[in-house]
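Enquirer: Protein chains in written order, with the working numbering: chain S, 1 to 123; chain X, 1 to 396.
These aren't lab readings, by the way, just hints derived from the structure by calculation.
You may find that some hints are simply not true.
What the hints assert, rightly or not - Only some residues are given here: those of chain X computed to face chain S with a beta carbon under 10 Å:
#, residue
1, Trp4
2, Leu8
3, Ser10
4, Asp152
5, Gly156
6, Leu157
7, Glu191
8, Gln193
9, Asn228
10, Ala230
11, Gly328
12, Ser360
Stated by the list, open to error - Only part of the chain X face toward chain S is listed, based on derived beta-carbon distances under 10 Å:
#, residue
13, Tyr222
14, Pro226
15, Lys239
16, Lys372
Note that the Cβ used here is the ideal one computed from N, Cα and C, for glycine as well.
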Amino acid sequence: MKDILETTSGTGKINDEIPALLLSETDDVATLLSSAEKGALVRILSGGRVLRAADAIPLHHKIALRPLSRGETVLKYGVAIGRARQDIPAGAWVHLHNLESFLDEKSSSLDLHTGVDTVRQYE
Amino acid sequence: MTSWTGYLRSDGSKGIRDWILVVHTVECARFVAERIASGEENVCCIGYEPCNDNDYAIRLLLALSRHPNAGGALFVGLGCEYTQPRRLAEVTAASGRPADWFFIQDTGGTATAVTEGKRRLTALRERVEKNRKPVPMGWQDLTVGCECGGSDATSGLAGNPLAGRFFDRLVDRGGTAVFEEMAELVGLLPELQRRAETPEAAEEIRAAYENMERYCTSVRQYSISPGNFAGGLSTIEEKSCGAYAKSGSRPIRGVIRVSERPPGKGLWLMDSLPDPHHMQFGYSNPHDTEGLMDLLSAGCQVLFFVTGRGSPVGAPLAPVVKITGNSGTFRKMEEDMDFDAGRILSGETGFDEAALELESLVERICGGERSKSELLGHREYAIDCKFQDTGRPRRC
Numbered sequence: 001m002k003d004i005l006e007t008t009s010g011t012g013k014i015n016d017e018i019p020a021l022l023l024s025e026t027d028d029v030a031t032l033l034s035s036a037e038k039g040a041l042v043r044i045l046s047g048g049r050v051l052r053a054a055d056a057i058p059l060h061h062k063i064a065l066r067p068l069s070r071g072e073t074v075l076k077y078g079v080a081i082g083r084a085r086q087d088i089p090a091g092a093w094v095h096l097h098n099l100e101s102f103l104d105e106k107s108s109s110l111d112l113h114t115g116v117d118t119v120r121q122y123e
Numbered sequence: 001m002t003s004w005t006g007y008l009r010s011d012g013s014k015g016i017r018d019w020i021l022v023v024h025t026v027e028c029a030r031f032v033a034e035r036i037a038s039g040e041e042n043v044c045c046i047g048y049e050p051c052n053d054n055d056y057a058i059r060l061l062l063a064l065s066r067h068p069n070a071g072g073a074l075f076v077g078l079g080c081e082y083t084q085p086r087r088l089a090e091v092t093a094a095s096g097r098p099a100d101w102f103f104i105q106d107t108g109g110t111a112t113a114v115t116e117g118k119r120r121l122t123a124l125r126e127r128v129e130k131n132r133k134p135v136p137m138g139w140q141d142l143t144v145g146c147e148c149g150g151s152d153a154t155s156g157l158a159g160n161p162l163a164g165r166f167f168d169r170l171v172d173r174g175g176t177a178v179f180e181e182m183a184e185l186v187g188l189l190p191e192l193q194r195r196a197e198t199p200e201a202a203e204e205i206r207a208a209y210e211n212m213e214r215y216c217t218s219v220r221q222y223s224i225s226p227g228n229f230a231g232g233l234s235t236i237e238e239k240s241c242g243a244y245a246k247s248g249s250r251p252i253r254g255v256i257r258v259s260e261r262p263p264g265k266g267l268w269l270m271d272s273l274p275d276p277h278h279m280q281f282g283y284s285n286p287h288d289t290e291g292l293m294d295l296l297s298a299g300c301q302v303l304f305f306v307t308g309r310g311s312p313v314g315a316p317l318a319p320v321v322k323i324t325g326n327s328g329t330f331r332k333m334e335e336d337m338d339f340d341a342g343r344i345l346s347g348e349t350g351f352d353e354a355a356l357e358l359e360s361l362v363e364r365i366c367g368g369e370r371s372k373s374e375l376l377g378h379r380e381y382a383i384d385c386k387f388q389d390t391g392r393p394r395r396c
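Please work from the sequences and hints to get the whole structure.
Expert: Okay, here's the thing in structure tokens:
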């Protein structure tokens with residue numbers, strides 16, 4: 001986690017590639033600094049690796065850097081932020097539909113785009 | 001050496017503002033108290049809603065009345081409630097601050113009580129002004145608290161790490177820093193313990209962490225909300241990594257609880273979670289205003305509020321400096337946001353440069369410049385009923 005300051009600085013957009021931040025060498029995901037259309041090229045800012053977005057990915061959301069198997073622990077900041085709910089291909093959008101907290105059961109019932117609870121009744 | 005003019009209090013602390021508080025001791029007295037404070041320069045209104053008797057709330061009311069930025073207080077009660085304005089005024093007066101109180105039921109109806117309150121406030125203001133002791137003040141006299149809310153993924157990439165960088169510099173110059181949100185440190189116990197200054201601090205951190213885990217499990221509520229998810233955060237563990245970044249990198253000296261001042265300089269972790277056997281009562285952090293009140297209760301003269309998605313809130317007593325790591329949010333809510341840390345993500349500036357810029361803003365605010373929420377008149381407050389041990393025999 002001590003690496004955040006070094007990896008975050010100086011992260012302007014390069015050509016038509018979407019810049020993405022990798023916070024720790026061991027991470028399975030990177031954070032997009034612009035939104036990506038499906039098929040867009042995403043450049044990982046430290047290391048310079050480029051991969052193709054397998055989904056449309058919103059601004060500041062995460063892209064999978066490698067294929068992840070169902071149940072596998074997902075790292076960001078070098079820390080376990082949850083586990084894969086299903087197999088996730090490299091380049092996929094990683095969010096509520098395919099990543100779950102180890103503790104918080106609620107997030108799986110939320111709307112993927114707005115985060116709003118879809119189960120609760122307002123009557 | 002950086003210095004500005006502050007106000008010396010009898011406990012040795014120094015304030016950067018000299019507020020007079022009007023405090024209602026029950027919801028029933030709120031309207032009258034707010035009317036008394038309305039239109040008055042340098043006066044803000046806070047108070048407690050329930051009619052019941054709660055140690056935590058009394059400690060919090062007294063911590064705020066004796067805050068370094070508070071010069072005096074007028075307590076307004078209805079007359080039926082458990083919380084006693086006379087006793088609050090006595091303790092406040094014993095801290096060297098002019099204080100007064102009255103009950104609405106002893107005075108008359110709404111208009112009569114407001115007139116009486118304004119009369120008392122005028123007299124109190126004269127005493128506060130006579131009591132004022134301007135002194136030079138610097139970083140070593142300053143306690144800054146940091147809270148994050150309305151977080152998105154940028155909070156953990158730019159906003160919070162920048163606040164952390166500021167904290168490091170403040171601590172290195174002999175100042176004091178407080179970070180909070182125990183419920184947003186999920187998964188980070190080893191990391192926190194690694195940074196504990198002493199084995200005692202590591203033990204305090206472990207106890208507070210385990211209490212947090214029990215609390216969150218039993219209420220089945222984690223400190224993450226729809227806006228956080230929409231902003232790119234997928235789990236409480238991920239949000240926690242970003243929230244933790246506001247602590248910077250200096251050793252953690254120990255854990256303080258609500259209404260405790262840090263017992264020394266350096267970096268402290270604030271725990272505001274209720275005690276285990278009272279878990280069925282109270283919320284951990286119902287909203288950001290409660291978090292800001294926790295930090296105020298520790299005597300923070302300046303509050304940082306890091307918010308990726310944006311928030312209009314401010315606080316009584318202390319300037320809130322709102323930092324966003326999201327330049328889009330800054331543009332959209334510029335009237336509320338004090339600092340655009342999103343420029344770090346776009347490459348326009350770096351952490352070192354931004355930290356100096358933030359420091360210069362804080363210095364100006366300490367010297368009297370108003371933060372955005374101060375200028376807009378934000379004075380949101382919340383004093384909840386909660387149960388938290390201080391080592392004394394526990395009562396409801």
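Enquirer: Each hint needs a verdict: does it hold in this structure or not?
Expert: Taking the hints in turn, this is what the structure says about them:
1. Trp4: With Cβ-Cβ at 28 Å, over 10 Å, it is violated.
2. Leu8: 36 Å, violated
3. Ser10: Check failed: Cβ of Ser10 (chain X) comes no nearer than 40 Å to chain S, outside 10 Å.
4. Asp152: Given a least distance of 6 Å, the restraint on Asp152 (chain X) holds.
5. Gly156: 7 Å, holds
6. Leu157: At 5 Å from the nearest chain S Cβ, Leu157 (chain X) passes the 10 Å test, so the hint holds.
7. Glu191: 6 Å, holds
8. Gln193: Violated. Min distance 14 Å.
9. Asn228: Hint on Asn228 (chain X): holds, closest Cβ of chain S at ~7 Å, below 10 Å.
10. Ala230: 5 Å, holds
11. Gly328: Holds, because the Cβ-Cβ distance from Gly328 (chain X) to chain S comes to roughly 8 Å (cut-off 10 Å).
12. Ser360: With a minimum Cβ separation of about 19 Å from chain S (threshold 10 Å), the hint on Ser360 (chain X) is violated.
13. Tyr222: 4 Å, holds
14. Pro226: Holds - the Cβ of Pro226 (chain X) comes within 10 Å of chain S, reaching about 4 Å at its closest.
15. Lys239: 9 Å, holds
16. Lys372: 23 Å, violated
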